[in-house]
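S.K.: Start from the sequences and build out the full structure, keeping to the hints where you can.
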Amino acid sequence: MKIATYSKEGSVSVGLLTGEGLIDIVSAWGGSDPPGSVIEILERGTACMAKLLAIEEFGAEPIPLDSVKLLAPIPRPGKILALAGNYVEHIKEAGMKLGLSASPSLTTVPRPFIMPATAVANPGDEIPWPVYSETIDYEIELAAVIGQKAKTVPVEKALSIIAGYTIVNDVSARTVTFKKNRAKRPWDEFYDWLNGKWADNFCPMGPYLLTADEIGDVQKLDMKLTVNGEVRQNANTSQMTHTVAQIVSFMSHLMTLEPGDIIATGTPSGVGLATGNYLKAGDRIEA
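Its first residue numbered 16, the sequence shown is counted upward by one per residue in this note's numbering.
Straight-line C-alpha distance at most 25 angstroms; calculated DSS-like pairs for lysine-lysine:
| # | residue 1 | residue 2 |
| --- | --- | --- |
| 1 | LYS295 | LYS239 |
| 2 | LYS107 | LYS235 |
| 3 | LYS164 | LYS94 |
| 4 | LYS23 | LYS66 |
| 5 | LYS84 | LYS17 |
| 6 | LYS235 | LYS17 |
| 7 | LYS17 | LYS239 |
| 8 | LYS295 | LYS194 |
| 9 | LYS17 | LYS94 |
| 10 | LYS172 | LYS235 |
| 11 | LYS66 | LYS17 |
Pairwise CB distance ranges (calculated):
| # | residue 1 | residue 2 | range |
| --- | --- | --- | --- |
| 12 | ALA198 | GLY291 | 28 to 36 angstroms |
| 13 | ASN243 | GLY46 | 43 to 51 angstroms |
| 14 | ASP228 | PHE193 | 44 to 52 angstroms |
| 15 | MET270 | ASN243 | 35 to 43 angstroms |
| 16 | THR271 | TRP44 | 25 to 33 angstroms |
| 17 | GLY93 | SER42 | 24 to 32 angstroms |
| 18 | GLU24 | VAL246 | 32 to 40 angstroms |
| 19 | LYS166 | GLU24 | 35 to 43 angstroms |
| 20 | ARG59 | GLU24 | 24 to 32 angstroms |
| 21 | THR61 | LYS194 | 49 to 57 angstroms |
| 22 | GLU24 | ASP140 | 13 to 21 angstroms |
| 23 | GLN254 | PHE205 | 21 to 29 angstroms |
These are calculated hints, taken from the structure and not from any lab test.
Every residue, glycine too, gets a C-beta built ideally from N, C-alpha and C.
M.R.: Structure representation (structure tokens):
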């Protein structure tokens, strides 16, 4: 299923995307207490998912897609977790600048960081240029959406706690203007890099949650990002250093994962940091 959050005439609701349009879940629920958000759908578990499958098959007349605006499927996640340097070629192209190894091995562990919920943007939204940077970059990433509360999950069971997947663009400020006249301290460059991840709308997400049962092999997915129609990133999830299962398991050992948490799994090569081809005002990014 393709589960979406959308707005229509000022109201926000949840729906199922089909080949004919969008089925509003609330109106098609056929009873009391319909779920009002994707997180609520995930929190209700397998029984709710089963009802959505029935709605998809026998539901109401779809709404034309051109009459709604698709929003980020999880507009305000409890947690947005992301990974630094999880694709071999990306590590090689930018490794020295990021302080990452040029030869990743299976003996390493993922390098996660967290982003604020205010970074989430809807598909098609403008990304405000942050006042503290002059150099903005793009990063296509596959994102796993957690479907159940979980802690210390082994790798072999990690995929079972994922409800589905979506796409994020981990927009990144590569330079910061507040470095001028700053006293030098250890780790400044790392924190400058980290601060470049947190601006408003720096995590465009969507356009829907694709349930895990429809994804096939998550380590065999093609990824492509274009800027104004020009291909900048073109890769496959098979090139990850750490698999989705390994990432989710590792995160669950660091903290409790909850329904609706987003785990972005890293970006492949082709970013502006390596090519010098950064974003400009007015650019259109598609992932």
